[in-house]
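Since chain L is already given, all that's left is putting chain G on it; use the hints.
Here the protein sequences come in this chain order: L and G.
For the first sequence, position 28 matches number 28 in our numbering, and the numbering has no gaps at all.
To get our numbering, take the position in the second sequence, counting from 1, and add 113.
Keep in mind that the hints were calculated from the coordinates and are not lab data.
Fair warning: there could be bad hints in the mix.
As the list claims (entries may be wrong) - Capping the alpha-carbon separation at 30 Å, the derived lysine-lysine pairs in BS3-like fashion look like this: (1) LYS150(G) with LYS22(L); (2) LYS181(G) with LYS57(L); (3) LYS169(G) with LYS224(G); (4) LYS57(L) with LYS118(G); (5) LYS57(L) with LYS184(G); (6) LYS224(G) with LYS52(L); (7) LYS150(G) with LYS57(L).
All values derive from a computational prediction rather than experimental measurement.
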Amino acid sequence: AAGVIQSPRHLIKEKRETATLKCYPIPRHDTVYWYQQGPGQDPQFLISFYEKMQSDKGSIPDRFSAQQFSDYHSELNMSSLELGDSALYFCASSRRQDNYGYTFGSGTRLTVV
Amino acid sequence: DQQVKQNSPSLSVQEGRISILNCDYTNSMFDYFLWYKKYPAEGPTFLISISSIKDKNEDGRFTVFLNKSAKHLSLHIVPSQPGDSAVYFCAAGYNQGGKLIFGQGTELSVKP
Chain L
1 AAGVIQSPRH LIKEKRETAT LKCYPIPRHD TVYWYQQGPG QDPQFLISFY
51 EKMQSDKGSI PDRFSAQQFS DYHSELNMSS LELGDSALYF CASSRRQDNY
101 GYTFGSGTRL TVV
Chain G
114 DQQVKQNSPS LSVQEGRISI LNCDYTNSMF DYFLWYKKYP AEGPTFLISI
164 SSIKDKNEDG RFTVFLNKSA KHLSLHIVPS QPGDSAVYFC AAGYNQGGKL
214 IFGQGTELSV KP
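In isolation and in its complexed conformation, chain L is listed as follows (with noise of 0.2 Å):
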């Protein structure tokens, strides 16, 4: 069955550089979420999407921008790394209607040095 696609497995960047993380939802999936889990920590929800318009934000930095397309793939954009946005970056994805049926992908590991 296919999964949520998360490109790239990892990411290297130096501070202060830009980074942009893909994010593939389940077919037929209308919502889309992201959460970043760093070091030792519990995932923390940033921000999701639903119908391709943002539904809901959470500690997400004004460095991070997000949106979903049209084809329903999603985007999460992050200006002037620091070193602490070293993290795993998760996204999921649902259909709302079946209530909590999250999916997750496999996540990307952004190191920023």
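Positioned in the frame of chain L, the structure of chain G alone reads:
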């Protein structure tokens, strides 16, 4: 403000015995609770969930118990197997389709 808490960072259990992972929450608005299993460098994998209108849900070796008055839930794994060794996250949500709030995780080690 940690709304979902897993106070045990680690748990070690012998193969064949019961593993009990605990989770406490503070927000009475949560209406759905989930358990995820996570291996290093992989995304969380859904295990089992429970709605706030229930007090027990069972799926094979996994059972989740919910005590709403105590704002406490637990995951029981019986019998435990070495392949169950992973980090287990408790998560809670409210508003259908909304975000999840995760606990800090408990690392389970099942020894042969």
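The hints, checked one at a time:
no.	hint	result
1	LYS150(G) with LYS22(L)	holds, 23 Å
2	LYS181(G) with LYS57(L)	holds, 27 Å
3	LYS169(G) with LYS224(G)	holds, 27 Å
4	LYS57(L) with LYS118(G)	holds, 22 Å
5	LYS57(L) with LYS184(G)	holds, 25 Å
6	LYS224(G) with LYS52(L)	violated, 46 Å
7	LYS150(G) with LYS57(L)	holds, 25 Å
Going through the hint list in order, the structure does not satisfy hint 6, though it satisfies all others.
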